[in-house]
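Make the full structure from the sequences, and use the hints.
So the protein sequences, as listed, match chains A and B.
Its first residue numbered 1, the first sequence is counted upward by one per residue in our numbering.
Its first residue numbered 589, the second sequence is counted upward by one per residue in our numbering.
You may find that some hints are simply not true.
As the list claims (entries may be wrong) - Below, in silico cross-link-like pairs of lysine-lysine (DSS-like), each with a Cα-Cα straight-line distance of 25 Å or less:
| hint | chain 1 | residue 1 | chain 2 | residue 2 |
| --- | --- | --- | --- | --- |
| 1 | A | 188 | A | 199 |
| 2 | A | 517 | B | 763 |
| 3 | A | 517 | B | 609 |
| 4 | A | 509 | A | 353 |
| 5 | B | 609 | A | 2 |
| 6 | B | 748 | A | 3 |
| 7 | A | 554 | A | 353 |
| 8 | B | 757 | A | 2 |
| 9 | A | 2 | B | 748 |
| 10 | A | 199 | A | 184 |
| 11 | A | 141 | A | 3 |
| 12 | B | 685 | A | 554 |
| 13 | A | 188 | A | 121 |
| 14 | A | 263 | A | 124 |
| 15 | A | 573 | A | 495 |
| 16 | A | 141 | A | 121 |
| 17 | B | 770 | B | 757 |
| 18 | A | 3 | B | 757 |
| 19 | B | 763 | A | 520 |
| 20 | A | 509 | A | 538 |
| 21 | A | 509 | A | 472 |
| 22 | B | 609 | A | 3 |
| 23 | A | 495 | A | 509 |
Derived from the structure by calculation, the hints contain no laboratory data.
Note that the coordinates shown come from a computational prediction; the quantities given were computed from them, not determined experimentally.
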Amino acid sequence: MKKIISGNEAIALGFGDFGGVFASGYPGTPSTETLEEVARLGDVYCEWAPNEKVALESAIGGSIAGGRSLSTMKHVGVNVAADALLTLTYTGVNAGLILMVSDDPGMHSSQNEQDSRNYAKFAKVPMLDPADSQEAYEMVKTGFEISEQFDTPLMLRTTPRISHAKGVVVQQEKIAPQIGEWVKDVPKYVMLPNFGKLKHVEVEARLLKLQEYAETTPLNRIEMRDTEIGIITSGVAYQHVREACPNASILKLGMVHPLPARKIQEFAKSVKRLVIVEEMDAIFEEQIRAMGVDVEIGKNKLPLCGEINADILRTALGGGDVEVTSPVAGLPQRPPVFCPSCAHRGLFTILSKLKVFVSGDIGCYTLGALPPMNAMHSVIDMGASISAAHGMAKVNAIAGRDEKPVAVIGDSTFFHSGMTGLMSMAYNGGNALVIIMDNRTTGMTGGQENPGTGETLQGIPARQVEMVPLVKALGIDNVVELNSYDLSETEAAIKKGLATPGPYVLIDKNPCILRYKIRKPAMNVDQEKCTGCRACLKVACMALGLTATGEKQKVRVDPNVCNGCGICQQTCKFDAMHTIEGENNANL
Amino acid sequence: MQIFNIVIAGVGGQGVLMASKVLAESALVSGMDVKQNEVHGMAQRGGSVISFVRIGDQINSPIVMPGSADLLISFEPLEALRYIHYLKPGGRLVYSKVSINPSTVAAGLAVYPADVEQQIAAGCADAQGIEALSIARAAGNGKAVNMVMVGAVMKHLPLKEEVITEVVKQISQNKGIEVNLKALAGGAAA
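Have a look at this one:
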């Protein structure tokens, strides 16, 4: 049966069709929809873990217990899971284990542009790199086979143009899951140094066997056309190569680690000019040059940063003039913004006003760094808001600066890795104000469940973590609830938190309006009362705007966008804003 | 057949992805190869959204390059202008005339261009503005702007209108079917 599905959906489908038993992941663009689709298909058990390390470790357990297991995460998630990965490569697997990792060249929704192929080299594990949805589907099957044949975890890598691009998939016959024995094997699974030393030798031997496999597997295929140019490529870059150079010969790598050295040398000999097309790092190029192969075009002409596309290739290969049409200049940008009536808006209106240093984190609230709020001053990685604020406070104290930093973090990020930082702050006598925006969802990735939502990925009612007792248990005495829809209350609470020495935690429990579909009547602006002072525009709500005409431009509210939270109303000194009873057209 | 490149632009929350899905599914049902791709990361409402649908005998890249779109469908005038350079010479633009303020304009940091329609006309000889919101409201739901826009471009696509209508029926939620079909017909008549 033919379907048109995304790479993520294809991997989920493959997991169900090819004997998958257990899946655990943490949401992260562009990987998120994979487990959501496993849950929607409903055939196989799947769950959200609080972070990627827990997800991979749970999948390791699933494999040891004999079930084919999958762990999904974005590229930076592998950093969190790397501790498990780098020793998992020693133990190997029982049933097949696939770590699906989604890279983000172009940084559409990430804090960095790291290339996960480095992890495959680092961990000495095989990695597959699909070029479309059909391949993504089939590579789940091949991936499990490789994992079991070579006793290794396998990485299945995607990028946004694979994860989120939809293509035609022909479904294959389903393989029923077979759960193997749950065996006690101390030298295999207990990585004490004595056993680890033996295992390291096995890992090196395994890599050589995988290299041999790479030489003959149909995953790596040569497409001979014109021999003037030969291009070595993989993943979505293969599609751009086909688009830009339809007559070029291609060595398409489906398995991107380890590389098939003989096949590469043979291909290089059969063409006049050798080109390597890979997004991000020069991983193929460095290895291929080290094989003694001449490379004419690689990263000398192609970018290390961002995505590659057909126009970039045409320019690099000098295939005639590429006429690129330019966008219209000078248009107002349309960056992502807090949703109309989002609880973060009230908080950042006050943080912006108080001009405090805000140590931020990964989530919707990161948008508080953008104008006009400009109220977030560092964002590193998941959980860093609290631990970095702690370090800032310590150095501030040493420097004699009487300023208390503010950390802002969401519920899912707090469960992920904010808790440990807060425990450290309590233990080490820290001095920061921590604001937990507990909106009961993993918002930025589209509203996934987490240990605080009371439901699992599969929609089963679950034990709900209560934030206040949790924070107290970590060693914090000053824990106060916050309602950031009330601006004056919020300002007073933040000021009190800043004035009180020691760790101080504010918890806002207002739910995500998008996830929980909260609707309120829209506002209207009394044009007689509005003086056009623009004080309300500082709340940065897309429902607000200035009237196009008139002597003095006044503010108007777009009733198709407003969801009636009343934040702007509280900033108006002239009582110009009022609720239109019963009116809600907000297109949320 | 030659490849037919479609770009769909709009604002997060307007249903660009649903419209893309309708066109992609319709192409699949019609026996063509198709790829559809958009960048969606952050879930918040209000950001600029762009989606590509490529239809033909065989499609490789999921990306439409600037200067190569046969059809640009925009759910908002400023977004039409933002992506008008994706059109190939002689390409067609169909856009919704209802403007939505970017956050930069709402915050008073930028000005929404007053002459957006004139700039669109100057950039594309074959541009058509649609009163999509009022048509969607008349169909029963202001959120059906996406289906109005699909309806408005049906006659320009290498796809049969009956196929598109059937796909809309199949992927609409129960109570949404009637509204979506009305919106589709309303768009087609615009």
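### Query
Can you name, in rising order, the numbers of the hints this structure does not satisfy?
Of the numbered hints, all hold.
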